[in-house]
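One-letter residues, chain by chain:
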Amino acid sequence: MYQGIRISGFGGQGVISAGILLAQAGMTEEKKVTFFPSYGAEMRGGTANCSVVISSDEVTTPIVSSPDTAIVLNEPSLAKFEPLVKPGGLLIINSSLVNSKPVRNDINVLYVPCNKIAGELGNVKVMNLVALGAFAAGTGAVSVEAITKALPKIFKKLKPEMIELNAKALRRGAEIKLN
Amino acid sequence: MSEKKLMKGNEALAEGAVRAGCRFFAGYPITPQNEVPEYMSWRLPEVGGAFIQAESEVAAINMIYGAAATGTRCLTSSSSPGVSLKQEGISYCAGSDIPLLIANVVRGGPGLGNIAGSQGDYWQATRGGGHGDYRVFVMAPYSVSEMANFPHKCYETAFKYRLPSMILADGILGQMMEPVEFIHPEIDPKSLEEPEWAIGVNKGRAKHIINSLDLREGMLEKMILERAKRYRELEGAEVLYEEKLLNDAEIALVAYGTSARVATAAVKAAREKGIKAGLFRPITLWPYPKARLAELASRIKKFLAVEMNLGQMVDDVRLAVNGRAEVYLYSRPGGSVITAEEVTAAIENIVKNGAREYAALK
Amino acid sequence: MQLLNKNPESLTDKLMHYCPGCGHGIIHRVIAEVMDELKIRNRTICVVPVGCAVFADKYFNCDAIQGPHGRGPAQATGIKRVKPDAIVFSYQGDGDLASIGMAEIVHAAIRSENITVIFVNNAIYGMTGGQMAPTTLIGQKATTCPAGRTAKQAGYPIKMCELLATIEGAAYLERTTVHTAPNVLKTKAAIKKAFQNQLDCKGFSMVEVLSMCPTNWGTPLDNPSEATRYINDAMMKVFPVGVHKDAKQQ
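As they're listed, the protein sequences go chains A, B and C. Residues in the first sequence are numbered consecutively from 1, following the numbering used here. Residues in the second sequence are numbered consecutively from 180, following the numbering used here. Residues in the third sequence are numbered consecutively from 542, following the numbering used here.
Hints listed in this document are in silico derivations from the structure and should not be mistaken for laboratory results. Since the structure is predicted, the reported quantities are computational estimates derived from the model, not experimental observations. Treat the hints with care, as some may be off.
Stated by the list, open to error - With the Cβ distance kept under 8 angstroms, some of the chain B side facing chain C (calculated, not the full set): (1) 237; (2) 238; (3) 241; (4) 530; (5) 533.
Said to hold, decoys possible - Under the rule of at most 25 angstroms between Cα atoms (straight-line distance), these lysine-lysine pairs were calculated in the BS3-like manner: (6) C:733 <-> B:386; (7) B:401 <-> C:599; (8) C:693 <-> B:386; (9) C:682 <-> B:386; (10) B:184 <-> A:159; (11) C:555 <-> B:386; (12) C:778 <-> B:382; (13) B:184 <-> A:156; (14) A:153 <-> B:184; (15) C:580 <-> B:382; (16) A:153 <-> B:183; (17) A:32 <-> B:184; (18) B:447 <-> A:32; (19) B:183 <-> A:149; (20) A:32 <-> B:183; (21) B:386 <-> C:599; (22) B:401 <-> C:733; (23) C:547 <-> B:382; (24) B:382 <-> C:733; (25) B:184 <-> A:157; (26) B:382 <-> C:734; (27) B:382 <-> C:693; (28) A:32 <-> B:423; (29) B:183 <-> A:157.
What the hints assert, rightly or not - Stretch by stretch, here's where chain A covers chain B in the computed footprint (C-beta under 8 angstroms, at least three residues): (30) 353-365; (31) 511-520.
The beta carbon of each residue, even a glycine, is placed where N, CA and C say it ideally should be.
Given the sequences, and given the hints that come with them, work out the whole structure.
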C-alpha cells in the first residue's frame with residue numbers, strides 16, 4: 001500500500017502536529033513513513049502545510065506532489081490542494097471553515113465540521129484530530145488505535161485528560177463516513 | 180539495537196554527532212538547519228559538552244577549529260550562505276590537519292537564494308571551497324537514519340586521516356521526519372585516546388604547535404605532499420556507494436542525497452514500463468566512487484546524472500566514465516524539487532528516442 | 542658566581558625575527574616572565590595572530606595555535622570552553638584585533654570569555670609593509686595614506702579599551718606602553734593581572750600595549766629614541782594609558 005497525504009491550514013490549527021501524528025501512527029504499524037513540513041517564509045505567512053507518506057515499501061520522495069488524500073482545514077488551502085489530488089483520491093474538507101465547494105468530480109469528498117465537533121467536545125484545539133479520525137476511517141491507511149497510541153508520544157507535555165480529549169475527537173471524526 | 184524513533188533530519192544529525200562523541204558545537208542560525216543548534220543547546224550540556232551560538236559563521240568555524248585542536252570531537256552546522264563564510268576556516272583546518280565535522284544543510288543559491296532544499300554546493304564541497312590544495316571528506320546522506328549515523332563515520336575518518344569532514348545534506352533531509360535507528364554504539368569521548376598532536380594541558384611534554392604556515396623554501400610543498408599521501412590512502416580505503424538494480428541495467432541513474440530518493444522512484448517506474456534502469460548512489464562524494472563507475476561503464480552504456488542544481492556531479496560521472504559511455508543530465512536548480520515523473524520521462528526519452536542530451540531547461 | 546638574570550623558561554632560545562626597536566620582543570619577554578612566575582607554562586596555549594607576531598608560536602615555550610586573521614578570540618573561546626583548565630591567551634596586533642577581527646573581540650568580551658588578550662597597538666600594519674591601521678593617528682603617514690591619514694577619507698583611530706569598556710562582560714581592560722623601562726614594568730604588572738584574572742575565573746581581560754614600529758613609522762633605525770618619543774608625544778595623547786575597566790567581581 002501507498003498513501004501520500006497533504007495537510008494544510010492556518011498556523012495554530014495543528015497541521016504540523018497532525019502530520020507528525022500520522023507518521024508516528026504509521027510507524028507503530030510497522031509501515032515506512034516520512035513527514036515533511038513546509039517551512040520558512042511560508043510558515044510565517046500564517047498558513048502551514050505538510051506532506052506525509054505511509055507505505056509498505058521504502059518511501060522515495062517525501063514531498064507529496066499528487067496526494068492520495070488532501071486534508072484542507074481552511075479556505076485558501078482548498079484552492080491550493082484540490083487540483084493536486086490524484087483522480088479517485090480523497091479530499092477532506094473542514095466544512096466549519098471552508099465555504100467554497102470543490103469543482104472536481106473525479107475525486108471523493110468528505111465534509112467534516114472539525115471546529116463544530118471539537119467545540120462540542122469542549123476545546124476547539126482538537127479540531128485537527130477530528131480530521132485525522134475522518135482520514136483513518138475514510139482511507140484505512142492507519143488505524144484509529146495507532147493514532148491514539150501515537151498521541152502521548154508526540155504530545156509529551158500534554159496532561160492525560162487532554163490526551164483523552166484528543167482521542168475522543170479522533171473517535172468522533174472516525175464516525176463520519178463517505179456517502 | 181535501539182528502538183526506532185521518529186526524528187527530524189536536523190535533530191537526528193545532532194543526536195548522531197553527540198552519540199559519536201561530539202562535545203562541542205558552535206554555529207549561527209540559518210534556515211533550514213536551525214534545529215541543529217537548537218538541539219545542541221540543551222543536549223550538549225546534558226553530556227558535559229559545550230554549546231555556543233557564535234556571532235557569525237566565521238567565528239563558529241574558528242571556535243571549533245580551536246576546540247578540535249585539543250582533540251575534542253566538534254561540530255558546526257550551517258546552510259549554503261553560512262558555509263561559504265566558513266570556507267576560510269575550513270582551509271586553515273585542512274592546512275593544519277585538524278579533524279572536525281561541518282554539516283551543510285544545503286539551500287538554493289547563489290547569494291541568499293531561497294530556503295528550499297538544493298544540491299548547488301556540490302562543487303564547493305568536493306573541490307575544496309576555500310583557498311589552497313586540500314580535500315574534505317564528504318558524505319551525502321539520503322535518509323534521516325543516514326543523517327543520524329554518518330557523523331560516526333565522519334569522525335572516524337577525519338581523525339584517522341587528519342582532515343576536515345563534511346555532511347552534505349539538503350533542506351529536505353534536514354526538515355523531514357523518518358524513523359531513525361542509531362546503529363553505532365554510543366562513544367564516550369573519555370574512552371578515546373588523546374591524539375598525539377593535540378594542544379592542551381601538557382604535563383611536561385614537548386610543546387605542540389597547530390599551524391598551517393611554513394615560509395621556508397620547499398617546506399610547504401613537503402607538508403602538502405605528506406598530506407596528499409594520506410588523501411591517497413583515504414581514497415583507497417573509504418569510498419562508499421550503493422547500487423540498486425544495476426546487474427541487467429541498460430541505463431544507470433547516478434544520484435546522491437534527496438535526488439537519489441527521487442531517482443529510486445524513477446528507476447522503479449521505468450522498470451514498470453519495461454526499461455532496464457538501475458541506480459548508482461555515491462555515498463562519499465569525496466572520495467568519489469570513480470573506480471566503480473568506470474567498471475560499470477564497461478557494460479552499461481548510458482548514464483543519467485540526476486541533480487538538484489545546474490549539473491555539477493555530472494562532471495565526476497563524465498570523468499569516471501571517461502568517454503566509455505554516454506552521460507546525460509537531468510537537473511533542476513534553485514531549490515526546485517525534481518519529481519519521479521520528470522526523471523522517468525527523461526529515462527524514456529534517452530532510451531527510446533536516443534536523445535543526445537536531456538536537461539531540464541524548459 | 543650568582544646568576545642575576547636568565548631567559549624565562551617560557552621563551553624558547555629561538556632568535557626573534559623582529560626589527561630593531563620593535564616592541565614585540567619586549568612584550569613577548571614580559572608575557573613569558575609572567576607565565577614563569579604564575580607557573581602556568583605547562584597549561585598555557587598561545588593563540589597566534591596573522592601579522593608581525595605570526596611566528597610567536599616559535600618563541601613562546603608553550604602549546605600554540607595559529608589561525609585566520611582576526612579570529613584569535615573565536616579560537617581561544619573554543620579551546621577554553623572544552624579545556625577550562627588550560628590558560629588561553631590570544632596575542633593580536635591592531636589590524637588583527639581592531640579591523641578584521643573586530644566582531645570576534647567584541648563578542649568574546651560580550652560573552653565574558655575567561656581568556657586573556659594581549660593587544661599590541663603600534664598604529665601601523667607591520668608585516669605587510671606599513672599600510673594604514675585602524676589605530677593609525679590622524680596625520681600619520683602610511684603606505685596607503687602617503688599624505689597622512691585624514692578623518693574625511695579614513696575616519697578616526699579606534700580606541701579599543703574605551704570601546705570594550707562599554708561592554709558588561711569585559712572584566713579588565715588596561716592600556717599600557719613599552720616605550721620606557723618603568724612602563725615596561727607597568728605593562729608586566731597589567732599582563733600578570735590579566736592572567737591572574739583568568740586563573741581566578743574573572744572573565745574577559747585585555748591589555749592593550751602601545752608599541753614601537755620604527756621600520757614602518759619611518760623613524761631612524763639607528764636612533765630608537767625617536768620612535769619612543771612618537772609614543773610619548775603622539776600616541777599617548779590619542780590612546781591614554783591606564784586602567785579603563787576593572788570589574789571587581791563577576
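How the hints compare with the structure:
1. 237: Status holds, d = 7 angstroms.
2. 238: Holds - the Cβ of residue 238 of chain B comes within 8 angstroms of chain C, reaching about 4 angstroms at its closest.
3. 241: Holds, about 4 angstroms.
4. 530: violated (50 angstroms)
5. 533: violated (52 angstroms)
6. C:733 <-> B:386: It holds: about 22 angstroms lies between the C-alpha atoms, which stays within 25 angstroms.
7. B:401 <-> C:599: Measuring from Cα to Cα gives roughly 20 angstroms; hence the hint holds.
8. C:693 <-> B:386: The hint is violated at about 48 angstroms.
9. C:682 <-> B:386: The given pair, whose Cα atoms are some 40 angstroms apart, is violated under the 25 angstroms limit.
10. B:184 <-> A:159: holds (22 angstroms)
11. C:555 <-> B:386: Since the Cα atoms of residue 555 of chain C and residue 386 of chain B sit roughly 14 angstroms apart, the hinted pair holds (cutoff 25 angstroms).
12. C:778 <-> B:382: violated (45 angstroms)
13. B:184 <-> A:156: holds (14 angstroms)
14. A:153 <-> B:184: Since the Cα atoms of residue 153 of chain A and residue 184 of chain B sit roughly 10 angstroms apart, the hinted pair holds (cutoff 25 angstroms).
15. C:580 <-> B:382: Holds, at roughly 12 angstroms.
16. A:153 <-> B:183: Holds, because 13 angstroms separates the two Cα atoms, which is no more than 25 angstroms.
17. A:32 <-> B:184: With Cα atoms ~12 angstroms apart, residue 32 of chain A and residue 184 of chain B stay inside 25 angstroms; holds.
18. B:447 <-> A:32: holds (17 angstroms)
19. B:183 <-> A:149: With Cα atoms ~15 angstroms apart, residue 183 of chain B and residue 149 of chain A stay inside 25 angstroms; holds.
20. A:32 <-> B:183: The given pair, whose Cα atoms are some 11 angstroms apart, holds under the 25 angstroms limit.
21. B:386 <-> C:599: Holds - the C-alpha atoms of residue 599 of chain C and residue 386 of chain B are around 10 angstroms apart, at most 25 angstroms.
22. B:401 <-> C:733: violated (40 angstroms)
23. C:547 <-> B:382: holds (23 angstroms)
24. B:382 <-> C:733: Judged against 25 angstroms, a Cα distance of about 22 angstroms means the pair holds.
25. B:184 <-> A:157: holds (18 angstroms)
26. B:382 <-> C:734: Roughly 24 angstroms between the alpha carbons, so the hint for residue 382 of chain B and residue 734 of chain C holds.
27. B:382 <-> C:693: violated (54 angstroms)
28. A:32 <-> B:423: Between residue 32 of chain A and residue 423 of chain B the Cα gap is close to 19 angstroms, so the pair holds against 25 angstroms.
29. B:183 <-> A:157: holds (21 angstroms)
30. 353-365: Satisfied; 5 residues make the cut.
31. 511-520: holds (count 3)
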